[in-house]
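*Asks:* Given next are the chains, with one letter for each unit.
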Amino acid sequence: MTPLQPGSQPDIVEIIRKEGSSVDYEVGLESLNQWQLAWRRFRKHRLALVGLGILGFLIAVAIVGPIFMPFEFDVIPKPDQIVYQGRPPSLAHPFGETGGLQRDVLLLVVNGARTSLFIGFSSMSVGVLIGTIVGSVAGYFGGWVDNILMRIVDVMLSLPLLFVILVASRFFGNGNVILIIIIFGVFSWMTISRLTRSLFLSIRELEFVQAARAVGLSDRRIIFRHILPNAMSPIIVSASLLIAANIIAEAFVSFLGFGVNPIYPTWGNILSNALTFIPLGNWWWPAFPGLAIIFTVLAVNFIGDGLRDALDPRSKE
Amino acid sequence: MSKYIIRRLTQAIPVLFGITIVVYAILLAAPGGPTARFANNPKFTEADRAKFKKAWGLDQPIPVQYCRWMGICNPDNEGLAVFIGPTGWPAFLPTAVSGTTNGVLHGDLGVSIDTGEAVASRIARAALPTFILAGNALVIWILVALLIGVYAAIHRYSLFDQAATVFAYVGYAMPTFWLGIMLIFLFSGPGLNILPAGGMTETRLSPPFGSDAYWQYFAANPGTAIVDILRHLILPVFTLVVVNIAGDSRFIRSSMLEALGQDYVRTAKAKGLPARVVIFKHALRNALLPVVTNIGLEIPFLFTGAIVTETIFSWPGIGRMTIEATRSFDYPTLMGLLLITSILVVLANLIADIMYAIVDPRIQY
Chain A
139 MTPLQPGSQP DIVEIIRKEG SSVDYEVGLE SLNQWQLAWR RFRKHRLALV GLGILGFLIA
199 VAIVGPIFMP FEFDVIPKPD QIVYQGRPPS LAHPFGETGG LQRDVLLLVV NGARTSLFIG
259 FSSMSVGVLI GTIVGSVAGY FGGWVDNILM RIVDVMLSLP LLFVILVASR FFGNGNVILI
319 IIIFGVFSWM TISRLTRSLF LSIRELEFVQ AARAVGLSDR RIIFRHILPN AMSPIIVSAS
379 LLIAANIIAE AFVSFLGFGV NPIYPTWGNI LSNALTFIPL GNWWWPAFPG LAIIFTVLAV
439 NFIGDGLRDA LDPRSKE
Chain B
9 MSKYIIRRLT QAIPVLFGIT IVVYAILLAA PGGPTARFAN NPKFTEADRA KFKKAWGLDQ
69 PIPVQYCRWM GICNPDNEGL AVFIGPTGWP AFLPTAVSGT TNGVLHGDLG VSIDTGEAVA
129 SRIARAALPT FILAGNALVI WILVALLIGV YAAIHRYSLF DQAATVFAYV GYAMPTFWLG
189 IMLIFLFSGP GLNILPAGGM TETRLSPPFG SDAYWQYFAA NPGTAIVDIL RHLILPVFTL
249 VVVNIAGDSR FIRSSMLEAL GQDYVRTAKA KGLPARVVIF KHALRNALLP VVTNIGLEIP
309 FLFTGAIVTE TIFSWPGIGR MTIEATRSFD YPTLMGLLLI TSILVVLANL IADIMYAIVD
369 PRIQY
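One line per chain: the protein sequences are A and B, in this order. Going by the working numbering, the first sequence opens with residue 139, and the numbers climb by one from there. Going by the working numbering, the second sequence opens with residue 9, and the numbers climb by one from there.
The following block holds chain B by itself, in its conformation from the complex (with noise of 0.2 Å):
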């Protein structure tokens, strides 16, 4: 198993190599680069774009500006002494041996232009309410899904299913940020003012989320906090998962209707067994299998899919960071934020294919 893993780990370092190349590519193709952002300040002068350009290493070529960006070369040296670290080791080694401190392969993601911040703490610090959004996402996501799948296995062509079919061929059909319009509507317009329109917390009774000042509210009342956060949190959850329960229920559904009609199943009801055991003990065990790897691959999607739904709600994490980034032409934040997004594709197929090994005991490796 452990070899298994490593043989595709080792596999996914060229991937992820190729990424960056492709990710560096589509930004540094667009035509004016970072200087794009000025291009409608008449004031912003070629001898400031020149300026600009030097203060952010610009002039020089692009594959160096790759290699500096990657943390291949060490900008302080010249000529072929760039891949040398302040230490005498190559400059891609690990900080311990080389002595390098900036580039992707130290861990750092380089300077934001447009806040002057480590791109990487900036991440670091929206990561939290993303997290909160697509966590919750995610468990609400699978335990509806596999609810209204294998009920609607079971009970075939009852009115439920039917209309669990319904609901699937709409839900998937339907566009998340449509779906979060119209809840915003229903639920936070004029008529039926329950549920908060956008946000993380209630900005009139709490600090903003994620300062020191929020974090001391937080401790001095936690409960209220919470429940603030819960309240803001039903729309945008519900936007996100709609589409994947959609999906994920009818191939839940057809997984779950194919281990019924298995032999294994019909031995299970011969013997006697109450439904409930045959139903989630034989039938929905080996019916998950596939599930597990559907699943999988599309948690990636939760952050593209944050993106929108973050917007919509102005929730503040990574995925307003995103869209902020790229309104503004701040390529540092938004190489990182492609990178760790694709870095989490990779992984999320990595886990996928790990998780399917374990629940299918007859994989071999």
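For reference, chain A alone in the conformation it holds in the complex (with noise of 0.2 Å):
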């Protein structure tokens, strides 16, 4: 590393100040943790921006937007006006009215977001967890404890995936988000576990494991405290774009009805009702959910890119 002469680059300088990093005064040199400068990689990317601004919408209309449009089942919004046909979107109900029931589609979007979203983000964390951990320890044992976690991957890497994870759903779920949750992510954790692996492999050789293992820690110290937050980087990158890939397998098994309690509204469980009111005429119903979903993984692919730049610098194409 050349050494900054203070001052020398000055608007290197004022970028740093603002991100408020730590300023070593004696050396004169000002130091950025990895993270900081990921985040400067990250800025540059701007559609990974653009990204981040529609995930945190759409994650704060989750989160706030039930507590305003708040979705109850067993009241039913015009009890005198059921007929079969919604009515398409205007003022008062932007996304329009659904058929039956007359719900405002703009009402079971926001409820949906929250549900879909957050069985987006809690499947990729029990894959995640999953896969990291048997991919440290096959990495890092390696021999036949590596020889038959691989074989396992291999095997469930082999099932036609979303397949096996609709009928799980069917026989485990029960339309419970929890299970439905566990299940997504029994099932999502065999590319991180491998990538994990083979990270470890090359990590577990440097010179800094060998010292954390000639002062004599424990294994695992050494796997979660020296290895682990050196694989880091990639294993966020593929993380980011399991998001999407649970969010869209979520809609496709409520879809086909043995995802979440269909009376709850999802994504997933919003577009199902609506398929037998499409011959109608009915479009706002399936469209507006739709669309969310589409936002939604346009938003976390383009945040992927971005974190991919940003992370792994030397994967760039």
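Heads up, a few of these hints could be off.
A short, non-exhaustive set of chain B residues, derived as facing chain A with CB atoms under 10 Å [to be verified]:
(1) I21
(2) V23
(3) I34
(4) A44
(5) F46
(6) F52
(7) L66
(8) I70
(9) Y180
(10) M190
(11) F309
(12) T312
(13) I315
(14) I320
(15) V353
Everything labelled a hint here was simulated from the structure, so no lab data went into it. C-beta atoms are modelled at their ideal positions from N, C-alpha and C, and glycine is treated no differently.
Assembly of the complex is requested from the two constituent chains, each provided in isolation within its own frame, with the hints serving as guidance.
*Replies:* Right, here's the structure in full:
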């Protein structure tokens, strides 16, 4: 590293100050930690910032929205006006109203956002948790442990996963959100574990790991405190893409009627209910939850691209 | 080459074996097992449950059930003799030697609880509509992805390229089934009623697809029958291919761009070859190497995609059968379907590897 003269690069110093990094006044050097550097690279990726904005907005809606527009299953908004046809978007109901019970589609989409995003993020966490543990153990210990775990991964990856998730949700899910999350997690950790394993294989040979071993640290401490933090960047990139996959998978499973209990709105459930009304021309009913899915997945994919550039600069195409 | 193929095939055997165990474990770990289909039936007593379990062999321990499903055991014998087939040879050997005819290893996937029909023949019957759907989708998918990818790479940063990029991002983020719903609204809704919303044939004109009456009708007027099927194919095929086209056109574009930047392409241009030859003979052939593997690996997902597409468009294929079997806890059918799709995935992996070896002569075994 070339020594920085104090004040030699005022623009960088300025940026650093704004981000509140630590300044070592004695040496006159300002240091950025890994995450601050990554954030600087991430900010250059305009689409990723747009994605972050969209996702932030959707998350805010998912958290705050249901407080103002609560979904109550047993409250029928207009009991005296139940007709088969829905009503197209209007000022009072910008997303239109559903056929049948005449529910506000906006209210359904906002409440659906809560469940769908919650499932997307938590099942990603479950998948990443299992994947990193399996991958680290396989990569760190090697030998027969590695062999057995990776053969399990091979078999799991040879399954038609969407099909298996569908069947498992029907058989174990019971319409329960928590169980659905666990099922999605249990069938989506394989790529993460392969990635973690390959990272561990290369990192465990580095000097600092040998040093940690020489000091006599326990395996657990070496895995979680020394190797894993250094393997984190590619795992985060891969995890961000898992969110998008899981949100689509939730919609897929719920759409087919095997996901979250159909009386609760998720984006997939709304679409599923809307299907029979399509020949009537009630396009607003499926259109808006579908657009919500598209925007979420687009945003997550953009963020994933940005994260790849920011965290993993070497893997540039 | 053949040595390599044989080695890969032997490697696939333990994976397939593992798949049968996983498939079995997933289904049998479910609460209620096959009797879950009666969970909401108040007239179904405990005695009925016991009778049902006995009739379907569910009163046996799970290892025995698994081994009977696989065809390793012979249900007629008891004790250690269960492993012996009627001819005295081990039961897992082919039918000609062991005399055993039931079990997966002998091509028998069991009997559907729903319809009482053999699962293998049920799947075989539903396979034709799915192959018609998936086959057409595959051809269109590869052709369109190639056209978009190559054209976008040649005219990089042009308006077309940018439009293709937007299409790729949106198409990749779009849930297949949502696209299907919106297409039904657009083309068979009340406004623009020009395409059928579902089914495989016009039910008012022809007998249901697959029946003997249908084939007589088909033989009598093949022209109208084929046009009818094609009309019903348009929307489902379009629904099925958009995601794949979106992903692969980007992939082909970047692979093509890389090839176009190579020295041999510059040499070919410098020699004065026409652009067509440079693009299609020098660049495209090399750009296709990674694409071939990628497409090979994606083919089985046509079948998973077919699950939801067939449901939306009421296409009488394997996908819709999957949904029906899942809904009614029809275990034997589901296990057969899971097994066959898993085998397809393994085979696709194998074929992708072999195709890669064929198109890239540098690969050594």
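*Asks:* If a hint holds in the structure, say so; if it doesn't, say that too.
*Replies:* Okay, the hints, checked on the actual structure:
{"no.": "1", "hint": "I21", "result": "12 Å, violated"}
{"no.": "2", "hint": "V23", "result": "5 Å, holds"}
{"no.": "3", "hint": "I34", "result": "6 Å, holds"}
{"no.": "4", "hint": "A44", "result": "7 Å, holds"}
{"no.": "5", "hint": "F46", "result": "15 Å, violated"}
{"no.": "6", "hint": "F52", "result": "19 Å, violated"}
{"no.": "7", "hint": "L66", "result": "15 Å, violated"}
{"no.": "8", "hint": "I70", "result": "15 Å, violated"}
{"no.": "9", "hint": "Y180", "result": "7 Å, holds"}
{"no.": "10", "hint": "M190", "result": "7 Å, holds"}
{"no.": "11", "hint": "F309", "result": "8 Å, holds"}
{"no.": "12", "hint": "T312", "result": "4 Å, holds"}
{"no.": "13", "hint": "I315", "result": "7 Å, holds"}
{"no.": "14", "hint": "I320", "result": "7 Å, holds"}
{"no.": "15", "hint": "V353", "result": "5 Å, holds"}
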